[in-house]
Amino acid sequence: MSTPQPKRVLVVGGGSAGWMTAAYLNAALNGNGRKRADISLVESPDVPRVGVGEATIPNINHILRVIGIDEVEFMKRVDGTFKQSIRYVNWLHNNGDYYHHPFSRFRPSPIDFSARNWLMSDRSIPFTETVSAQPIICELGLSPKMLDGGTPEAPLTYAFHMNALKFADYLTELATAKGVAHYVDHVVDVEMSDNGNIEAVRTKEGLRLEADLFIDCTGFAAILIEKKLGVEWVDCSQWLLCDRAITMHVPYDKHYPGFVRPYTTATALSAGWVWDIPLQDKRSLGYVHSSAFLGDADAERELRLFEGPHADEFDARTVNFKVGHRTKAWVKNCVAIGLAGGFIEPLESTGLYLSDLAAVILTEHFPRDDMAPMAWRFNRTMANRFYEILDFINMHYCLSRRTDTEFWREIQKPERVNDRLKAKLEFWKIKPPSISDFEDQRFPGQPDSRLPSGDLPGDHRSPVDTAGLWNHESYEAILYGMDFLATECDEWFGKNRPKPRMLKRIIESLTIAPHSLPSHAEWLQRVLGMRHYPTTTGRNKR
Amino acid sequence: MTPKKIVVVGGGSSGWMAAAYLNAALNRRGQRVAEISLVESPDVPRIGVGEATVPSINHILSVIGIDERDFLKRVDGTFKQAIKYKNWLQNDGSSYYHPFNRFRSSPIDRTGLQWLMSDRSVPFAHTVSAQPALCEANLAPQMPGQWDFGPPLNYAYHMNALQFADLLCEVSTASGVRHYVDHVTDIEMADNGRIAALSTRDGLRLQADLFIDCTGFAALLIEKTLGVEWVDCSQWLLCDRAVTMHVPYEDHYPGYVRPYTTATALEAGWVWEIPLQSKRSLGYVHSSKFISDEQAEAELRRFEGAHAADLETRIVPFKVGHRAKSWVGNCIAIGLSGGFIEPLESTGLYLSDLATVMLAEHFPYGNNFEPLAFRFNRIMANRFYEILDFINLHYCLSRRDDNDFWREVRKPERITDRLQAKLEFWRTKPPSPTDFEDQFFPGTPDTPLPSGGLAGDHRGPIDAAGIFGVESHEAIMYGMDFLRDECTDWYGVDRPPTQIARVVADRLQLAPQKLPPHELWLQRAIGMPVYGNAPANPGRGTR
Chain A
1 MSTPQPKRVL
11 VVGGGSAGWM
21 TAAYLNAALN
31 GNGRKRADIS
41 LVESPDVPRV
51 GVGEATIPNI
61 NHILRVIGID
71 EVEFMKRVDG
81 TFKQSIRYVN
91 WLHNNGDYYH
101 HPFSRFRPSP
111 IDFSARNWLM
121 SDRSIPFTET
131 VSAQPIICEL
141 GLSPKMLDGG
151 TPEAPLTYAF
161 HMNALKFADY
171 LTELATAKGV
181 AHYVDHVVDV
191 EMSDNGNIEA
201 VRTKEGLRLE
211 ADLFIDCTGF
221 AAILIEKKLG
231 VEWVDCSQWL
241 LCDRAITMHV
251 PYDKHYPGFV
261 RPYTTATALS
271 AGWVWDIPLQ
281 DKRSLGYVHS
291 SAFLGDADAE
301 RELRLFEGPH
311 ADEFDARTVN
321 FKVGHRTKAW
331 VKNCVAIGLA
341 GGFIEPLEST
351 GLYLSDLAAV
361 ILTEHFPRDD
371 MAPMAWRFNR
381 TMANRFYEIL
391 DFINMHYCLS
401 RRTDTEFWRE
411 IQKPERVNDR
421 LKAKLEFWKI
431 KPPSISDFED
441 QRFPGQPDSR
451 LPSGDLPGDH
461 RSPVDTAGLW
471 NHESYEAILY
481 GMDFLATECD
491 EWFGKNRPKP
501 RMLKRIIESL
511 TIAPHSLPSH
521 AEWLQRVLGM
531 RHYPTTTGRN
541 KR
Chain B
1 MTPKKIVVVG
11 GGSSGWMAAA
21 YLNAALNRRG
31 QRVAEISLVE
41 SPDVPRIGVG
51 EATVPSINHI
61 LSVIGIDERD
71 FLKRVDGTFK
81 QAIKYKNWLQ
91 NDGSSYYHPF
101 NRFRSSPIDR
111 TGLQWLMSDR
121 SVPFAHTVSA
131 QPALCEANLA
141 PQMPGQWDFG
151 PPLNYAYHMN
161 ALQFADLLCE
171 VSTASGVRHY
181 VDHVTDIEMA
191 DNGRIAALST
201 RDGLRLQADL
211 FIDCTGFAAL
221 LIEKTLGVEW
231 VDCSQWLLCD
241 RAVTMHVPYE
251 DHYPGYVRPY
261 TTATALEAGW
271 VWEIPLQSKR
281 SLGYVHSSKF
291 ISDEQAEAEL
301 RRFEGAHAAD
311 LETRIVPFKV
321 GHRAKSWVGN
331 CIAIGLSGGF
341 IEPLESTGLY
351 LSDLATVMLA
361 EHFPYGNNFE
371 PLAFRFNRIM
381 ANRFYEILDF
391 INLHYCLSRR
401 DDNDFWREVR
411 KPERITDRLQ
421 AKLEFWRTKP
431 PSPTDFEDQF
441 FPGTPDTPLP
451 SGGLAGDHRG
461 PIDAAGIFGV
471 ESHEAIMYGM
481 DFLRDECTDW
491 YGVDRPPTQI
501 ARVVADRLQL
511 APQKLPPHEL
521 WLQRAIGMPV
531 YGNAPANPGR
541 GTR
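Protein chains in written order, with this note's numbering: chain A, 1 to 542; chain B, 1 to 543.
It should be emphasised that the hints constitute simulated quantities derived from the structure, not laboratory data. Honestly, I wouldn't trust all of these hints.
[Unchecked claim] With a straight-line Cα cutoff of 25 Å, these simulated SDA-like cross-link-like pairs (lysine to any residue) come out: (1) B:LYS73 - B:PRO55; (2) B:LYS411 - B:ARG427; (3) B:LYS429 - B:ASP481; (4) B:LYS429 - A:ASP212; (5) A:LYS178 - B:ASP109; (6) B:LYS279 - B:PHE71; (7) B:LYS429 - A:VAL360; (8) A:LYS178 - B:SER106; (9) A:LYS422 - B:SER398; (10) A:LYS431 - B:PHE363; (11) B:LYS411 - B:SER398; (12) A:LYS495 - B:GLU361; (13) A:LYS76 - A:GLY529.
[As the list claims (entries may be wrong)] Short, incomplete list of chain B residues facing chain A, as computed with Cβ under 10 Å: (14) HIS59; (15) SER62; (16) GLU370; (17) THR428.
Idealized CB from N, CA, C, for every residue including glycine.
Next up, chain A with everything else stripped away, as it sits in the complex:
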């Protein structure tokens, strides 16, 4: 059998996106006696790495499995904890109310009428609590797994919270052990060939690294895709106003609330929202906000106030970002992955996901000779997914009824809701969301606006959202969590409606759960060896 020459791949940038790409491509393309790619990664010793506590979504499990990472080992190495849901606090009104977007949900068969039944009810139980055991399991602070590693009879889907820097370090170790070459050196020059491809990069220490394919994981700096190839950035800040975050770590040895929440919390504040991500040794907080509405100093003050008096002693840091995406993430022989390719605020924990996805889709479209058709599909798929996420995050905001600050009044204005989402919401006021809405998201009145990704003939279509990530179930969690169709249901079904019913399966799960599932903290302590911290007295209730 003739073995084709492996393609040389150079990843530029050593953050979590860079190392995940290197490790995933190496595991997915090489093996079974085949070597399709010869992978190297160059990272600068000068560039400070951006490291915050990071929440993931369940697709991370695919990445870990392909790379061959054991779950317990992974959690030990990255300060990892379980995440079963996102809890949204103060999004509808600024009154302490919350709703969950859990990862698991039970679907009655052969037709799932649970949403219709809830809509016909008086809404006295939150929607997701009628179809998922996880909101209450989260409120009880339970682990999704048993102490012996087993799972409940109806498994609880989960992802992880982790320290992203430690994840990158762990991936470095695994990838280099399996043959990924690692250069710690600063890229100073990029050499082009006549056909417009990148030919090589030169480094401060005089190396010249040639490759067939270059992966730009240099973050917002985008030294290949933007600085060298000049590929445009499509700004999307019209629909998502936040452009920076104030971050802070709350170490458990200074302040331990006495539990580790098995979910991410996203609490709406005056000009944005704060993430609260529990790790094994600290909580990571970040106030994502709009600098047009709130100065840095005020944002920091609000974050400290939110956390409580013990927060005064912790450092805060400002992280700037911009919402948008590269018109084409793959141009010639350069593929931008991570922030260099696009960014959306992490309200649904999609930060690492977009890098995951790019690595997976690149593997599927790994080029043999002709890269152009691969790039065309890659760009189309990535743009579709980007807009799917953009619309979904946009929806979290625009359904709010908060009027307490200028920010919350602003985000409800029509010009802050993108046209695709508007068409969907209009349609869902006539017919609540259902499965087939996500086969081809084209709704009456949606404008025929084009993807900004094409100069190849034929790519004139609007983005298509085929529920690559979120289907009607996730939409229902947010829409009904935000009290969607409240007045319509009064009209359709009258005002005097029965109480919602929880599915029998959910009640059964919840009856067993407290007996079969340990608390999240106990699981982490007993299985991973998380330290025991004394509980801080005082304000722990939030």
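Keeping the supplied structure of chain A fixed, place chain B upon it in accordance with the hints.
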């Protein structure tokens, strides 16, 4: 809430399925959302051939609440685990399977790629599915008692479509669907362009909020009354009629009941072979431009063997295409009045299933139908073109050049532009899961759907693998020896032997102890009669 009134016009399998499904799906837990009537003419002869289904039928049966064994008993039903395509690549007796079940390796499915890198000494479907071999052995996908043989084997059914309509009629009238046997003579329009009522020969006047046109190609409401255009697709699928025949087991029983549908390519089309409990149903789907009715009939008899000389045949003409919009105003066309594609992948009843399920999902609670119709039409058109392209694929990969028909179907003008773009792309990169998220490939033309009229619907059809995903495409494409020359370029001539996935091999090893012959299961569980084997003759028994 006042229930909406629905009148279904037409009592074939589409009509009764729509009535029964809507009644079961919409009126649940004491809610009464729809009040359903069905009117069927005593004069219209019903078209009844043996019909093969796809697994979506299980959803329909389960919602309506029909027990599987009752169903099989009532409709002369048998199991279907695959379609076997014979003589499609070359006219040499070779075949390949498109099974309903298949194994995917995890966390990344490399089974397609591994087969491409191998010497192709085992057909692709055999490497990823036990069903081709189970089919060859004529085994049932069910055990006599409780199933304890690992993950279930997916299946659908073969059935007598007329008997199915009768069963649905009985079930739905028993749960409140009103049934009128009467001939519709007049249709009254309202001022807003909606249909107001139907009048019948016996003097009834049936008013409704929604009218469902299940009158077949006659399309009494959607076409004759509302004048909605038919989009012809015969450029890509040349067949326009079928010669059908029943072979009763009393006359000729081959000694087994195949648990699969066979589609054998003939001179100018292909013949379906659908085994029921009492007979086999055959139909030669062909193009009248290439052979006459008489030639087709003679070829079908020759194909079946000497015992077929005296069996009755019937000609069923059809047309490939779809209604520009199947939902207009308050009228929804379901079944042949909405669209038709030759049943090479058994999608006949499926398109009616789907329309019914989509209508239940898009059922109007209020009076604003247009946005619901917009989505319904868009989804139905997407799915229609998904099926059209997939059937087109079966033909255009053929290497037969034994006659004009087979040379014709491979010409570029016989392959849809969408499919050409896909095939071009898959020659660069074999098909993989994301290809089916948004089937838009370099070079796919920007042809809008012919369903527009509402602002904004200017996009080409989107094929999001509503029914046929990467696995089905691999089954057909690799069954048809796709990427033969490319693989030689990529991987060389001297390639390792094809491996069968371990789970498949394991399953096959145990299968003979676990699974009874299909015939035996039908006899024991359903009470299929025991037939004597046909006398040894050179007929169909051995084919």
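To see whether the hints hold, each was checked on the structure:
1. Of the pairs offered as hints, the one joining LYS73 of chain B and PRO55 of chain B holds, with about 18 Å between alpha carbons and a cut-off of 25 Å not exceeded.
2. Restraint check for LYS411 of chain B and ARG427 of chain B: the C-alpha separation of about 18 Å stays at or below 25 Å, so the hint holds.
3. Taken as a hint, the LYS429 of chain B and ASP481 of chain B pair is honoured in the structure, with Cα atoms around 15 Å apart against an allowance of 25 Å.
4. With a C-alpha separation of about 18 Å, the suggested pair LYS429 of chain B and ASP212 of chain A falls inside the 25 Å cut-off, and the hint holds.
5. This hinted pair checks out: LYS178 of chain A and ASP109 of chain B have alpha carbons roughly 22 Å apart, not beyond 25 Å.
6. Between LYS279 of chain B and PHE71 of chain B the CA atoms are separated by roughly 17 Å; this keeps the pair inside 25 Å, and the hint holds.
7. Annotation: proposed proximity of LYS429 of chain B to VAL360 of chain A holds, straight-line Cα distance about 15 Å (limit 25 Å).
8. Using a Cα cut-off of 25 Å, the hinted pair LYS178 of chain A and SER106 of chain B holds, with the two alpha carbons roughly 20 Å apart.
9. The suggested pairing of LYS422 of chain A with SER398 of chain B is violated, with an alpha-carbon distance near 47 Å, which exceeds 25 Å.
10. At most 25 Å may separate the alpha-carbon atoms for a hinted pair to count; LYS431 of chain A and PHE363 of chain B meet this at roughly 8 Å.
11. The hinted pair formed by LYS411 of chain B and SER398 of chain B meets the criterion: a straight-line CA distance of about 11 Å does not exceed 25 Å.
12. Taken as a hint, the LYS495 of chain A and GLU361 of chain B pair is honoured in the structure, with Cα atoms around 24 Å apart against an allowance of 25 Å.
13. A threshold of 25 Å between alpha carbons decides the hint, and for LYS76 of chain A with GLY529 of chain A the separation of about 8 Å falls inside it, so the pair holds.
14. A cut of 10 Å between beta carbons decides the hint on HIS59 of chain B: the least distance to chain A is about 5 Å, and the hint holds.
15. For SER62 of chain B, the shortest C-beta to C-beta distance to chain A is roughly 4 Å, which falls under 10 Å, so the interface hint holds.
16. Nearest Cβ of chain A to the Cβ of GLU370 of chain B: about 7 Å, under the 10 Å cut. The hint holds.
17. Interface hint status for THR428 of chain B: upheld, as the beta-carbon distance to the closest one in chain A is roughly 5 Å, under 10 Å.
Going down the numbered hints, you'll see the structure goes against just number 9.
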